[in-house]
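Visitor: What follows is each chain in one-letter form.
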Amino acid sequence: MSRSKGAIVGIGELKPQRLTSGVTTLEMIAEVSRLAVRDAGLEPAAIDGLLVGPQVGETPQHVPATIAEYLGLAPTMADVVDLGGASGAGMVWRAAAAIEAGMCEAVLCVLANNREEAAPRSPNRNPIREFDVPFGASGANISYALLMQAHMAEYGSTARDFAMIAAAARANAQLNPDAIFCGKPADVEAVLASPMIASPLHLLEIVMPVAGGEAVVVTSAERARSLPKAPVHLLGAGEKVTHRAVSQAPHLTSGPLKSAMARAFAQSGTQAGEMDLLSLYDCYTIMVATTIEDAGLCAPGQFGAWLNDHDLSHKGAKPLNTHGGQLGFGQPDLAGGMTHVVDAVRQLRGDAGERQIGKAGLALVTGNGATMSEATALVLGAA
Amino acid sequence: MSIDLNTLKTPGPTITALTKPFWDAAAEGRLTIQRCKDCSTAVFYPRPICPYCWSKRLAWHDASGKGRLKSFSEVHKPGNPGWLPAAPYVVGLVELAEGPTMLSFILPGTRSLQVGAMLRLAPTAIGGRVLPAFKQVEFGPEEKPK
Ligand SMILES: [Zn+2]
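Just so you know, the sequences run in chain order A and B.
With the UniProt record's numbering applied, the first sequence corresponds to residues 1 to 383, in that order.
With the UniProt record's numbering applied, the second sequence corresponds to residues 1 to 146, in that order.
Same shape as in the complex, but just chain A (with noise of 0.2 Å):
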């Protein structure tokens, strides 16, 4: 295994909620960044890098400086990471580099959201707004189910077959009481018996919108020997982005984590077997049945097998998400991908609780935007 490139020492996240009443973006983003920082055993000003979503509601533009303001930071490293829902993971590796470069110590990335009841429609002017949306193609639903029906046609995939997923979720989710579908389990028939949005993807094969935050803070090696926590150490990462429309990707059934997976396995020295826990990005049940076929885990379009195979809980051989995945924990907009991430770090650190899986060495943590757009992976272990 290769040396650590930096580790995760300090996690923070907000219970998830249907809706926020006049709470701020930026409230949130303090909440968490305080609870991650705590966690850490670091003073606030400490914190010299500061790594952050675009998506900050009210502010569009100079949103590092507005939070850094905030916060009472003066980062001597500050960024907007703008990968969907990579974004969470890309901090990661970011924070790590600009470490290793020598630009700060230790880096907070944060990501949060309000969610209010009337939230303004916002005026786009890009090459979807002005070729898809006139067609009567808006939102991501429509993308994912145009990627799940070319993995039907392309391999015979079923309907059951990605079902299997969403209701996999569901149980690991009845594990985590933070999870809004926590005492709502659904099976493979609830999943199918789900209304159609737009074939063929039901319902509860689409996460839930939900007001939360999640934070971690990264910081060197030797830095993290002196803090409270078991460090989790970064030991491999990878990214690419190829896309942002679904009519313009360059492949449907496979995506750019194929190659940003293999550089973290690379970098690692480790494979996709060897992962103790497998936390991937579950915007939509087609999004990890993609990953599972692009980690190598099986053959392309063999991910129902591999399914039917393998117990996803946090007893079986391959632990699938055990927060629940974003299908049962709720989607807090950008920081539903760092969901996965804080889920990693409690399972490595032995901090999972009833959920604790038993051999807790590596685990791969995955991150996409857009329409399996923008990929991040990581490898994380156990210190």
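Every clue listed holds true.
Simulated coverage check for chain B against chain A, where a stretch passes if three residues somewhere in it have a Cβ under 8 Å from a Cβ of chain A:
id, stretch
1, 7 to 19
2, 58 to 72
3, 79 to 86
4, 91 to 101
5, 104 to 118
6, 123 to 134
With a cut-off of at most 25 Å between alpha-carbon atoms, the simulated SDA-like pairs for lysine to any residue come out as follows:
id, chain 1, residue 1, chain 2, residue 2
7, A, 240, B, 52
8, B, 77, A, 19
9, B, 77, A, 153
10, A, 240, B, 49
11, B, 135, A, 251
12, B, 77, A, 139
13, A, 15, A, 175
14, B, 77, A, 195
15, A, 359, A, 178
16, B, 56, A, 243
17, B, 135, A, 140
18, B, 77, A, 199
19, B, 77, A, 193
Calculated directly from the structure, the hints in this document are not laboratory data.
For every residue, glycine included, the Cβ atom is placed at its ideal position computed from N, Cα and C.
The hints should help you fit chain B with the ligand onto chain A, whose structure is shown.
Guide: Only chain B with the ligand this time, still in chain A's reference frame:
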């Protein structure tokens, strides 16, 4: 879907000077796309430079209007409320015979739709403007798809 698509209050294109030839042609029932004079690749959607060789020598050509269905979805819950009266309706990814892929509205036909279906251009008034929609090729009794 039995409503008149032209009465829908759906969002139209956000036309720019660069893309105006495409939409002007669409209004006349034509599908025009760019082709690079340097690498000969057909380009969709319109761009100021060729995305393959970064040449600025792009010229407009009418496309054949033939395409192949790469994927499709029957939309029951539209993302934009203007489309609600038309639901369920079908959108698809159309691989044009010239090479590029575009997203389009797929008109209902007599046979059920399959990935791989042959399509042809079917200009259709939607939301107060003519758009380059597509329709499945209907084969006669003697014709068979390849
Ligand atoms: Zn060219």
